[in-house]
Amino acid sequence: MRLPRFFSKKRGHRRTGSEVWGSVGEAIFHATLMVAGVAFGGLLLTGIAVPEWRINHDFLESRGTVVGKGLARRSTGGPAASRASWQASVRLRYPAGAEAAEAWAFAGPQESDRARALERLDRLKLGEELVCWYDPARPAQVVLSRGYNWWMWALTLLLPGALLAFGGAGLARSLGRWGRSEERQAATGQRPRDPLAEGPASTTGHPAIPSCEDLVNSPGTILRYRLPIESPESWTLLGLGLFAVLWNTVVALLAVNAGLDLLGGRIDWLLLAVLVPFVVVGVAGVVAFTRSLVLATAVGTTQLEISAHPLRPGGTYEALLAQGGTGAFRDLEMSLELEERATFRQGTDTRTERLVVWKSPLGSWQGLQLSPGTRFEARATIHVPAAAMHSFASEHNAVHWRIVIRGRPTRWPAFIRTFPVVVFPQSPGEPAA
Amino acid sequence: MPPNLLPADRRRSNPFATRHTRPGAVPPLDPAGAPLRVEVVLAALERHRRVAIVGPHGTGKSTLLAGLAASLAADRQPAEVVRLRRRRDALRLIGMVARGTADTTLLVDGWERLGRPMAVLIAAIVRLQGRRMVVTSHRANGMPVAVRTAGTLPLLTAIVGRLPDHGGLISGDDLSDAFARHGENLRDALGDLYDRYELRSRRS
Amino acid sequence: MTHLPDPVRQHPSVTVQFCSPDRHYEPLQPIAVRYVVELPSGQVARAVERSIVWYTEGKGEEDIGVHSFERLTDRVTAEAKTGGFESRLPASPLSYEGVIVKIRWCVRVRLFFDAGRDFVSEHVFDLGHVPAAAFPGRP
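These protein sequence lines map, in sequence, to chains A, B and C.
Residue 275 in numbering that gives the first Met the number 0 is what sits at position 276 of the first sequence, and the numbering runs on without skipping anything.
Residue 166 in numbering that gives the first Met the number 0 is what sits at position 167 of the second sequence, and the numbering runs on without skipping anything.
Residue 17 in numbering that gives the first Met the number 0 is what sits at position 18 of the third sequence, and the numbering runs on without skipping anything.
Chain A with its partners taken away, still in its complex shape (with noise of 0.2 Å):
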């Protein structure tokens, strides 16, 4: 079954850290959003669902008699903007059970146009009997008429439903990526593999060597490709802003709920009690966003271009290095590294290893000093040993090539970024690029 993605990075699929805390995190924020659907749902239910039923269901039928007549006026917007609705209304006295009860009851839906709701309200007549509705929990409530608004219902429920179809598909994908191949079976005291057991995608005539689609799909500015760039910061922004987001949006329909009810003269403890920690998370959520936001500006953006990719062994090639943010910085170094990663799992461990077997230094410079709107550009020259060893990717093992950029900000926490290259391994007969 193919599950909906509601976004997905242009760039293709990349992790990095730990492939196991990766999913936690990002099975953690779709549940996050699940949760926030369900909230917001079940607080439009109760607003809206729930006693649009009771009137149709639990409301008992009665005849008024018309004894007043008025407009309801509502005021929307600020102070600056307000505008207003009139809806008319009447009031009733109509037997409730043993009792008589007296009380207002709208006769038409809100209307922008007044004119149009004295109109309403001039064809009914004082001593006028009315079919009505009453509820026999609270007889002072009567409405005169029943039903369903069923575009009120689509509309309500629009965004609880985003939330919980965005929320709910994450989370399944998440729990679905978990495992992509069949299990092993150690019945005979080998292991038989499963040659079409499905990996990471290959280039097409390069078996095993990763698919580098994705990383020339961007055209530089100055050279040839933009490299795309392998780390999680700008997706924890974006994850810790939407979750602060959506998560302050209920905070705020339940204290403007709170609120009202205060206004009223009631206090409902429950909801208070409920909204305590809603509150500490949100305020924390909005801490931690602005924290980051305030780190990744104040370090700012990295761009790497290339002059050609894939790259080859023995091939040398221009990269262009475009470093953004304000004040000082140590150091920036920028290195060509080749990793290794394995990852191995059994019983209920999971562990990957990476360890970097090369590494070679393509420009380092220091005391930098940047001001808003400019960036610094340095330009240097990547040789890629003639032996060198071309990219693969398999399941549980990859060896992967990556120009790394290294800085030091005097007043920032230091940073990595990494940049993922492919490296082809040389055509038999082609000579050396």
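Think of the hints as simulated: they come from the structure by calculation, not from any bench.
There could be a bad hint or two in this list.
[What the hints assert, rightly or not] Heads up, simulated SDA-like pairs for lysine to any residue below, C-alpha to C-alpha not over 25 Å straight-line:
#, chain 1, residue 1, chain 2, residue 2
1, A, 358, C, 40
2, A, 68, A, 146
3, A, 358, B, 198
4, A, 358, B, 194
5, A, 358, B, 203
6, A, 358, A, 317
7, A, 358, A, 379
8, A, 124, A, 86
9, A, 358, A, 306
10, A, 358, B, 191
11, A, 124, A, 136
12, A, 68, A, 117
13, A, 358, A, 316
14, A, 358, B, 202
15, A, 358, C, 42
16, A, 358, C, 131
Treat the numbers as computed from the prediction; the structure is a model and nothing was measured.
Place chains B and C on chain A using the hints.
Frame of chain A, contents of chains B and C only:
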């Protein structure tokens, strides 16, 4: 017709690579390093129908389970093996249990990953089916314990003795040091020995 | 490398000869292999599988890629004492002696006997000229 041989340095296989140390590659051994007879587990299984192999990380639980599976296969007794590493494996276990037959023994590696409610449910279903089941777990889980595994230096020494020849690059002191650094987790100790062998084989 | 899946007292043996004397091949080069099977008396193979595969070795879980695979179930072929097969090797992956990840190419001949027993013989060869990776911190 003699086989064509490559220079020895190109053919050196690290004896501590996972292909040599994975469960099933080395026969199950007890904490003293002696062969652990799967008959011990089979006898407990006959008595209790559902038993557990209990022990900390990297002490041979999966290896013993693999040996048990091989023994059942050799005796043509039907058995199903599930290793609970991912959420999807729990679903697979449920499917196996649902369609299983009483004569098939269930071998489950990583029982503690199920979580208590699911574990209780599956154990109850297996009991109702009358099936035999052997699980591995880090802690006792209410089932009778067939074997308690433990990581010991004699066990590590015995395992290394059954691996391909390391050509003298690993000494007894290396084993003691690796065991001291990683305690009972022999899997980590073997990983440590892998690094030592790799470093020295490149130097020699 | 030859090994038995269980402590069987009988020892089949498979000897493999490569067309390249040093077992070294270049990408896209043809490879031709001849093998000789020696079985204990009374033992007869009922099927044989011949394959050329790459596999990873090291600290990670093993991965395998099958380049060519052939299963022969006709008795004549299975019982034959010699056999051979050819293939053209791919452009990648090249053989690699890394530190925690190694990539090896090999020819495998697997013999199947009655009662579900099998015997596999593995013979490594080199594809490409990638030098061994240095241990970090060492030249």
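Now the hints, each set against the structure:
With a C-alpha separation of about 57 Å, the suggested pairing of residue 358 of chain A with residue 40 of chain C is violated against the 25 Å cut-off. Proposed proximity of residue 68 of chain A and residue 146 of chain A is supported: the alpha carbons are some 23 Å apart, at most 25 Å. About 18 Å separates the Cα atoms of residue 358 of chain A and residue 198 of chain B, which keeps this hinted pair within 25 Å; it holds. A C-alpha spacing of about 20 Å is found between residue 358 of chain A and residue 194 of chain B, which places the hinted pair at or below 25 Å, so the restraint holds.
Between the alpha carbons of residue 358 of chain A and residue 203 of chain B the distance comes to roughly 23 Å, so the proposed pair stays at or under 25 Å and holds. About 17 Å separates the Cα atoms of residue 358 of chain A and residue 317 of chain A, which keeps this hinted pair within 25 Å; it holds. With a C-alpha separation of about 15 Å, the suggested pair residue 358 of chain A and residue 379 of chain A falls inside the 25 Å cut-off, and the hint holds. Between residue 124 of chain A and residue 86 of chain A the alpha-carbon distance is near 16 Å, which keeps this suggested pair within the 25 Å criterion.
Only pairs whose Cα atoms come within 25 Å are accepted, and residue 358 of chain A paired with residue 306 of chain A is accepted, the gap being roughly 20 Å. At most 25 Å may separate the alpha-carbon atoms for a hinted pair to count; residue 358 of chain A and residue 191 of chain B meet this at roughly 23 Å. Restraint check for residue 124 of chain A and residue 136 of chain A: not satisfied, since their Cα atoms lie roughly 29 Å apart, outside the 25 Å limit. Our distance criterion of 25 Å between C-alpha atoms is met by residue 68 of chain A and residue 117 of chain A, whose separation comes to about 10 Å.
Distance check on the hinted pair: residue 358 of chain A and residue 316 of chain A sit about 16 Å apart at the alpha-carbon level, within 25 Å; holds. Taking the CA atoms of residue 358 of chain A and residue 202 of chain B, the gap is about 20 Å. The hint holds against a cut of 25 Å. Annotation: proposed proximity of residue 358 of chain A to residue 42 of chain C is violated, straight-line Cα distance about 55 Å (limit 25 Å). Of the pairs offered as hints, the one joining residue 358 of chain A and residue 131 of chain C holds, with about 15 Å between alpha carbons and a cut-off of 25 Å not exceeded.
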